[in-house]
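Every number in this note's numbering is 785 more than the matching position in the sequence shown, counting from 1.
What the hints contain is simulated information worked out from the structure, not anything from laboratory work. Quick caveat, the model's predicted, so the values are computed rather than measured.
With a Cα cut of at most 27 Å, we get these calculated DSS-like pairs of lysine-lysine:
| no. | residue 1 | residue 2 |
| --- | --- | --- |
| 1 | K1059 | K1015 |
| 2 | K814 | K963 |
| 3 | K1066 | K1015 |
| 4 | K900 | K963 |
| 5 | K904 | K810 |
| 6 | K1256 | K1272 |
| 7 | K825 | K1015 |
| 8 | K814 | K890 |
| 9 | K1071 | K1101 |
| 10 | K1059 | K1107 |
| 11 | K814 | K904 |
| 12 | K1066 | K1107 |
| 13 | K1071 | K1033 |
| 14 | K1256 | K1283 |
| 15 | K1014 | K886 |
| 16 | K1059 | K1014 |
| 17 | K1308 | K1272 |
| 18 | K886 | K810 |
| 19 | K1089 | K1015 |
| 20 | K840 | K810 |
| 21 | K1256 | K1019 |
| 22 | K1272 | K1313 |
| 23 | K890 | K810 |
| 24 | K1319 | K1232 |
| 25 | K886 | K814 |
| 26 | K1272 | K1283 |
| 27 | K1319 | K1332 |
| 28 | K811 | K904 |
| 29 | K1232 | K1210 |
| 30 | K1305 | K1332 |
| 31 | K1101 | K1066 |
| 32 | K1202 | K1131 |
| 33 | K1283 | K1313 |
| 34 | K1334 | K1272 |
| 35 | K1202 | K1182 |
| 36 | K1332 | K1272 |
The following label-pair restraints were derived from C-beta to C-beta distances:
| no. | residue 1 | residue 2 | range |
| --- | --- | --- | --- |
| 37 | S1146 | P1093 | 36 to 42 Å |
| 38 | E926 | K904 | 17 to 23 Å |
| 39 | A1128 | D1275 | 48 to 54 Å |
| 40 | K1015 | R927 | 38 to 44 Å |
Just so it is clear, CB atoms sit at the ideal spot from N, CA and C, and this is done for glycine as well.
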Amino acid sequence: MKKTVHILTMLLVSVTMAAQPAGVKKVAKSTFSLTSFDEKGSIVASTQGVFIDEKGTGICPFKVFVGAERATVVDADGNSMEVDALLGADELYDVAKLRVKASTKAAPLATAAEKQGAKVWLMPYSINNPQPLQLTLSSVERFHNSYNYYILDGEVPDNAVGCPVVNGNGQVVGIMHKSDSHTTAVDGAYVKQLSVSGLSSLDASLQETGVRTALPDNEEEAITMMTLKKGSVKEDTYRAYVDEFLEKFPTSSFGYQELGLIQMGQDLFDEASKTMEAAIKQSRAKDEAHSDYANLIYQKNIYKSDKPYEPWTLDKALEEAKTAYGINPQPIYQHQEAQIIFAQGKYQEAYDIFMALTKSSISNAELYYEAAQSKIRLNAPDTEIRVLLDSAVNVGKRMGTGEAPYILARAQYLHDKGEYREALKDYNAYDTLTATTDPVFFYLRYKCETQVRQWQQALFDIARACFLNPKEPTYFAEWASLDLRVKRYDEAVSAATKCIELAPEYADGYLLLGLAQIEKGMKEEGLKNLEKAKELGDTRAEQYIEKNK
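All chains should be modelled from the sequences, with the hints used to inform the complete structure.
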């Protein structure tokens, strides 16, 4: 009897295997498993997918990437690989296209839609012996005019999400999904055509994952994406973008410039110099490469002047800018020359170039502002400087490029000149235009308001500065000082106490706390804090101690 059962079992297996077209099981070699991880290395989710070319392109569900910082795939041979980038995604249909940096075994995609009632096979991922599961297409729906959404009949395990659904020719029909009521497949051709653009950084679904998006294949689109990504992603992620850009567009100066900036930021000046020399050699637009080199040297001298690097002088920067202009005489390169000359302290020469450029094709508000800065350093009459600052505001407004930065610059100039009421008008105009949340702005306006005795507004602004930057002890000291001035002693104690918490060695906190406590009748505590301020070197403390003994 046992022998008979064994023979029947063998016959059943052979019938099942015979029912599978020969091409179906070949797809198994192209499947992979995918696991995503969060920032701490904990598993976020796992799924399956299939490679669709030999260059590392795969398709799979998207949800696995949500909340993840990285992901790995394991192919049918057991090889583990990091997901390098997402090539596209659609959150609605829960599909994504990814890339790994490896050669992969491709599964062909179906070239025509399957019909209702057709037999298809679900190909699970397995390193050892994958067994396809036969299903039936119960209905076929169209979406986006050209693509198919399949509803499947048959029981499938929950962990089969992402597995390729394959037709009798061994072609991938779609990627499997499962809900409480249906088992479905999204057309593989639709997933294949997903792509990225320069504005993909703004895509809400792609913002849900830390796995980076690949660069577009168009250079300008790629530059747009990198511009949007810069400053909003981790340094190693941005470096990956730079490396990809250089690989895709080796004759564009932009990639070399970005790499040079990274190297300069790490004080790797020799490497940055070599990068920019390579840019000059490899870039198709030599003027841009020379200009980018000039900009790198200029930034180093402005922002990293404490880091000596003898070859990178402002004279060298000026030489590179002049070379760029010699290759392609554009006014933008003259502007760069003027900025470098200004940094050299040659203010009259810089002023002359700035003003000449106001009559060129790049005339803009910034040129008038820079001319005003030159005049300030030349100790020019106030009327000349005011005219230039007014022009910057007016030109920015007229050209639609924005007058707000120049209104703020004029406010600060007027503030420094002691014209507080005029400065306050500009501060208020700037706030109206920008709705800024910069604590430094509110601190500056507070200082101006105290000069014209606008106590209520001043209290409001110093409170906002403290709220926006609650770790700055100076702001809390100023708040306590103003509270004392307007006899808000309880509030002064609170602000001064916070100041001391933030900076235990900051004498102002103890001085202000002591004065506030004395005003509240807490003379003993107040004198102790004044003594502490004296110990920390505050020369004002002694007179207050003598006065209140």
